[in-house]
Amino acid sequence: MLRLEDVRRSFQLGPVTTEVLHGVNLNVVRGDLMSIMGPSGSGKTTLMNIIGLLDRPSSGTCWIEERDIANLRDDELSALRNRKIGFVFQSFHLLSQLSAIENVCLPLVYRGTTRGAARKRAGTLLEQVGMGQRKNHRPSQLSGGQKQRVAIARALVGNPALLLADEPTGALDPETTADVMDLLLKLNTEQGVTILIITHDSLVAAQCIRQMQIHQGRLIEQTASGEDV
Amino acid sequence: MRVFSVLIFNGREAVSSLRRNGLRTILGLIGVIIGVSSVIAMVSLGEMAKQQARKQFEALGTDLVVIRNNQGQGQSGIGIADALQLADKEASILNSAPRILGNGSFRYGGKEVGYGSIQGVTRAFAGVSKLPLKEGRFVTIFDVNQNYTVVGHTIAEKMLATGTSDLLGELIELNGILFTVIGILDHYEESYALPVHVGANESVFIPITTSRRIDSNQPIDVIIAVADRSIDHETAKSDIQKYLNSVTPQGQFDITTAKELIAQMEQQMGIFTLLLGAVGSISLVVGGIGVMNIMLVSVAERRMEIAIRRALGARKRDIRSQFLIESIILTTAGGIFGTGLGLVATWGISRFTNWDFLISWISVSSGLGTAVGVGLFFGFQPAHQASQLDPIAGLQGN
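In the order they appear, the protein sequences are chains A and B.
Note that the working numbering gives residue 2 to position 2 of the first sequence, counting from 1, and the numbers run on in steps of one.
Note that the working numbering gives residue 167 to position 167 of the second sequence, counting from 1, and the numbers run on in steps of one.
This is chain B alone, in the form it adopts within the complex (with noise of 0.2 Å):
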């Protein structure tokens, strides 16, 4: 009961004491603001970024599974056949869309318009890599063995800077064998949620049978596939594993799913975030540091008014609670304040990089709860200092 009406009344004189010393409360609400503001804006940014990192792979399919293959060059590794049959033959994966990667130079009418990948690949890698066609179709099963090609935006735009105003059906020399040109590509974006570099831009896409066909010893150097999405990833690659140790028993292959994908880049992303708050935090505690100067200042300028009220009856921890109110007082206050700036922030870094907003509630509430906090720690030794000046020094005034 004492305790209580003791403390009501150190609250009530905290705040006239913050409210009479107006421009110290102000910088030091200055320090504290800062520092929560920081805390709260940095670690929005790491969730934020998360975020938008999350979103980029849900955009490709949390449902891929990356087979590359580790077999050294000369070596055949998995058939074609093989590597489409992956589908069929496991109920846990949907597709399959293998790759051959070649390279060499392009020409048309004459001139070079080019050197990149020559990827042998199905209709199926298209829809897995998110390949934006503009014009035409792109290369599917029935184009076996076909010279047809599609090309990135890089070589497209150079074969139009001919003169050329239709691609479509226009003969491209690829390593000097002659393709028919049936799709054009869009500007591709890489995204890094895909562990698979395609560079369609400065690439043409052919029928994978095709490139097996010109150079029979280029092996298969990667397979995406997609796995159910009702069952769990781990199975889904245990039963690829299997499959691919049943159709080549040497074969050596690295198979990653989004899903570890995911995990390993949420594990990045939060050690991202834990910096990113400690280098907050670092202004934090400049402004717990600014806070203790403050109440250093005030016990030292209020040594008279500690020696009344010891006369009068106050206990020592009277005097140290009446501080440590004020001190944290301040810090609270200027933890709410902080929480606002924080936000508007966060805001502000959402609106400028493009990224969803999102109010990190972890942050929001760990900013208050060490806004407070700071004011505990950092206003402790001015309060115990106060409750330690002895009465009758301060009396007399010396």
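Bound conformation, chain A alone (with noise of 0.2 Å):
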């Protein structure tokens, strides 16, 4: 479904390229629920943005379910990052000024869907995450928790077909943590949501079926009994 292979990115500072990856693969099938583990300064972003379709690999290929993205011109990026990739952020980066249905709506206002047939999707997704209790709540009325719930719904809400958390449980405390983590587990294995978390957390980590460690701008698997492949 999502596949790299030897994908670099190098960044060109002054005079000096200074490469993040150094030839990463990867390939996210569908089904999966996995962790990427690292720490900062890795290349843990540089890595999420072109899996997110925010950016693009200085070399090697980047397939989303088997299109190349290195020859997508920009609005063609911006339309298959709508439709293949939900993104939950660690500050969750909601709209402070529309409610929760509104934010959940976005990613179906810019695929062009009618107002009402948006809000009755946004809709179900806020209750399958339990908030639909909350939907017309602006996110400064809502928790940490809360927020997060929001933003897995608006993540969720174009069926993407990969869901990626970068650092989901950052900004929560232990409790809330494992909240979202058991929302997250519940997706994977009821709806069969295809999901990648990016995170220093290795109990986060821990509680996905694959791993993989990034370190120095290489990514490394690691199987269920701890031992690099």
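To be clear, the hints were calculated from the coordinates, so they are not data collected in a lab.
Some clues are possibly wrong.
[What the hints assert, rightly or not] Here are the simulated lysine-lysine pairs, DSSO-like style, with alpha carbons at most 30 Å apart:
hint, chain 1, residue 1, chain 2, residue 2
1, B, 316, A, 120
2, B, 130, B, 242
3, A, 135, B, 316
4, B, 55, B, 158
5, B, 242, B, 259
6, B, 55, B, 316
The task is to assemble the complex, starting from two chains supplied on their own in separate frames and drawing on the hints.
Below, the structure written as structure tokens:
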């Protein structure tokens, strides 16, 4: 479903070129629940930006559902991001001026769904994440855990191929972290949502079926027994 | 379909964003309101002035033709009989009012009561130049060679100041010759619609034949003719030229029709209106720059929001249209309020100047149109800037 082959990404900072990703290979299949762990500066965010179609590799190939993203125009990339990727961010990134349900509607709006249909679908998603009662609340009226539930509903509203969560529990207390993780695991097991979590919390990573480490720009998959592959 | 629903969505978001930033929106609105209202008020002012000038012409008659003698002193020019016969000989001319202009000092009761024009005219002259008679009568053709005079307002006042209660029948000395006062004029308002300076208040009017009798060298300086309205003014003009050529082959005359003057006046007023509109537009441009400033601040403040929208699948053009719609809504609202204020200001000016209130629809539509245009023009750069923001940098908050 998502495949990276020898992906490299380097940045030009003045005269110096720094390579952040040194040939990353990754194959995500439908229904995966996967974590990528790594210290800061390891290239986590760069990798996430490429997987999330916000950035393109300097070399190597990235396929999403057998489409090579290298040759896509910015508009096509936006459209693909809209349909295939659902983002969940560490600091939620809900638009403060919009209510919960309006936030959830956003991906559908940019897809051209009518207002009525979008609100209906968004309402269903909010029910699923347990936020049906607070759909007209503004983000400022919600707790951290509630905001993240709304963000998860927003990520899933467009039925994406991949839910990409960047430190989804980074801003939450342990109790709420457990709640949010339960929700993600449930979505994976019950609805088969493909989930990739980028985290540096080993407890979060441990709950995922496939676990990866990123270290100095290279990705290493660990087997369930803890051995590197 | 997609474009349409995103536009509607962006419109709703724009309105709520403008409402959220109330003070900033009001400041931006004020700039546009002042700009649009000044364009409308200025252009309407120009139109009203034009209307007013046209009214003055129409009060005198758009059928007037002024024939000015261009010959030097000492030349007799056209004769009185020929000048009067213009109307009889040419079917396109209904009436003609020649004038012999002299000047001198006026004495009454042994005292000097003025120095001014002695105008030798006929009854028709009072009609075409709208001389206001207060008492008595004007000179007529029956007064041929008679020493009768009609005195202007200022002269009459001075005569009354000597203690006389009734001026009619009194004798006045004009350049040492005694004349009987047969009429008194009211105050005369000079009209620029008549291209002949009358100066009736400081003048006395005598029969044209008397003028010629007193000084046979004084030529006719001007003939005010009345053309038939149903005949094209160019035809009337060429008829007059032909007639003048036949009676005084060596004569030199300037012939100006009222229609030519009106056209000239309208052209001048058009330039005047354009100038006023341009002055008004300056404030609209300043208002536009204010809007641009506000939009740039708004874009800078909302970098994170833009990045989130891009991550959720908004295309560059979706972001651009969101901000462009916001600035267009802002300036259009300013345009609507500005139109209202402009009309109120125009009404105020019309009350103050006593001119007819006139709504210039051209100015209203161009004011509104320009407001939308200003939103587009000055909103484009900020909107484009928003669309070009790097979502990765935005999401990281830098």
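For each hint, the structure was consulted:
1. 316/B - 120/A: holds (27 Å)
2. 130/B - 242/B: Distance ~28 Å between residue 130/B and residue 242/B Cα, so the pair holds.
3. 135/A - 316/B: Holds - the C-alpha atoms of residue 316/B and residue 135/A are around 29 Å apart, at most 30 Å.
4. 55/B - 158/B: violated (33 Å)
5. 242/B - 259/B: holds (20 Å)
6. 55/B - 316/B: Roughly 57 Å between the alpha carbons, so the hint for residue 55/B and residue 316/B is violated.
Hints 4 and 6, counting from the list given before, are not met by this structure.
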